[in-house]
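A.B. asks: If you want the building blocks of each chain, they are given just below.
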Amino acid sequence: MVGLSAQQVLQKRMDTTANNLANLTTSGFKVEHVVSRALSEKPAAAADSPQDISFADAWTLQRDFSTGPLEQTGNPLDFALEGDGFFEIQSRAGTAYTRDGRFGLNDKGEVVTRNGEPVMGEGGPITVNPAGGPLSVSREGSISQDDVILGTLKVMQFQTPGALERMGSNLWKATDEQPQQASDIRIAAGMVEGSNVNAVLELTEMIDISRAYTSVAKMLSQSDELRGASIEKLAKVR
Amino acid sequence: MRALNTAATGMQAQQLNVEVIANNIANMNTTGYKRQRAEFQDLLYQNVERMGVTSSDAGTIVPTGVQVGSGVKAGSVYRVTEQGGVTQTQNPYDVALQGDGYFIVQLPDGRDAYTRAGNFSLSPEGQIVTEDGFVVAPGISVPADAVGVSINRQGVVQAIMADGSAPQDVGALELARFVNPAGLEAMGNNSFLETPASGAANRGLPGAVGFGTLQQGFLETSNVNAVTEISALITAQRAYEMNSKVITTTDEMLRSTANLR
Chain A
2 MVGLSAQQVL
12 QKRMDTTANN
22 LANLTTSGFK
32 VEHVVSRALS
42 EKPAAAADSP
52 QDISFADAWT
62 LQRDFSTGPL
72 EQTGNPLDFA
82 LEGDGFFEIQ
92 SRAGTAYTRD
102 GRFGLNDKGE
112 VVTRNGEPVM
122 GEGGPITVNP
132 AGGPLSVSRE
142 GSISQDDVIL
152 GTLKVMQFQT
162 PGALERMGSN
172 LWKATDEQPQ
182 QASDIRIAAG
192 MVEGSNVNAV
202 LELTEMIDIS
212 RAYTSVAKML
222 SQSDELRGAS
232 IEKLAKVR
Chain B
-13 MRALNTAATG
-3 MQAQQLNVEV
7 IANNIANMNT
17 TGYKRQRAEF
27 QDLLYQNVER
37 MGVTSSDAGT
47 IVPTGVQVGS
57 GVKAGSVYRV
67 TEQGGVTQTQ
77 NPYDVALQGD
87 GYFIVQLPDG
97 RDAYTRAGNF
107 SLSPEGQIVT
117 EDGFVVAPGI
127 SVPADAVGVS
137 INRQGVVQAI
147 MADGSAPQDV
157 GALELARFVN
167 PAGLEAMGNN
177 SFLETPASGA
187 ANRGLPGAVG
197 FGTLQQGFLE
207 TSNVNAVTEI
217 SALITAQRAY
227 EMNSKVITTT
237 DEMLRSTANL
247 R
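First to last, the sequence lines map onto chains A and B.
For the first sequence, our numbering assigns the number 2 to the initial residue and increments by one for each residue that follows.
For the second sequence, our numbering assigns the number -13 to the initial residue and increments by one for each residue that follows.
One thing to keep in mind: the hints can contain errors.
[What the hints assert, rightly or not] Simulated pairs of lysine-lysine, BS3-like, Cα-Cα distance not exceeding 25 Å:
no.: 1; chain 1: A; residue 1: 234; chain 2: A; residue 2: 219
no.: 2; chain 1: B; residue 1: 59; chain 2: B; residue 2: 231
no.: 3; chain 1: B; residue 1: 231; chain 2: A; residue 2: 219
no.: 4; chain 1: A; residue 1: 174; chain 2: B; residue 2: 231
It is worth saying that the hints were derived from the structure and are not from the lab.
Kindly generate the complete structure, drawing on both the sequences and the hints.
C.D. replies: Below, the structure is given as structure tokens:
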């Protein structure tokens, strides 16, 4: 049973590593790893064995929020956050946060994500005049057109970003903590933040998982053999 | 195990990535071609242990929980409408567009198509047409006895007459702008069609506010950068390999389970 619990944790670790590697080229993706812990159980009868039996249990995720590499895209409405924080998105499932700053305009001139969900400015969604001139973006995230500031991108910050819930589509949802206005806003326009997955680390992690898994399997088959052998011996004693 | 499917989504995504890069490289010398980028998003997550649930009677909560992701999907293939370079051709009917906008092409079925490729010529009837023989809006006819044309930065076409009289204004080329040019639908032959995503065409003359200007005797080259494409190709290939490695490793793990008995 202990071996089985270890294998289950290893499978979850493998699933997470596979997800990290699949998202090697996803903008704003943040790498994560499963952290396991030992779950101690008292044996049924304390007299049977003086020691507790420990099981492995997938306990929590360790998320790395370091900034990914910045990539130049040539699209003026692509933004990369160099400091901490998240862009705020009015998603179909409520307010969401993202590090993926690949935005564009919809047919009404609103700044939206690639899925068409409005990006929040400090005073609501930002709308551009379709007939106006080219856009320019400041380091602080204010978008202006023809020397008029249309709005400033809202950048929010969490004390414990690790507690955010992933929604897929590069979006995150707040759980308990309410976000604060980010203190250090540095926005690079025309750039996107790449995924912060380190392929070498993930590959070594994968080798590690697979070796551990095989050795647990070996341990299981050996303990099976041992049990078989002892039953055989006991049968001979009679 | 979920890892098998997850890695398969990763391989599919990288395959799309390579296809987009291949198309960019193939169109490196296509007039007015705009490079594309495959963009990815992570897939749904399964909550194995929810964040924020109480982990003890003392009221402590699980800070992060456990969420297992299920891979990656192609979010969009985005067209980067950055200005391409210009190259001199000396052909009087070649016009490069510098700045925002598209030439309007009248398709035979009555619809309008939009293009950045300004390699025009004259039809047998003396009209300015595209390489495919479609009329360029607003439909400018050059008199048969003209010896040359001049197209200025604002799109005004003047015919230079053989008898040495003053050049004749024969019309001005029109342009169209879109709120979201990335939302145009590519129809091949360097042309695009209007869609609900691009917004309605906003017509105007070259040089008006927001519109680009023209340059006669030049063509806009593609904005594909070979170095960027090749390095993106390397990344995509390696990412594909790593995802296939995940499949092999998962397979090994499953085999060791299957061999237990």
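A.B. asks: Hint by hint, say whether it matches the structure.
C.D. replies: So, going through the hints one by one against the coordinates:
no.	hint	verdict
1	234/A with 219/A	22 Å, holds
2	59/B with 231/B	19 Å, holds
3	231/B with 219/A	22 Å, holds
4	174/A with 231/B	32 Å, violated
Hint 4 from the earlier list is the only one contradicted by this structure; the remaining hints agree with it.
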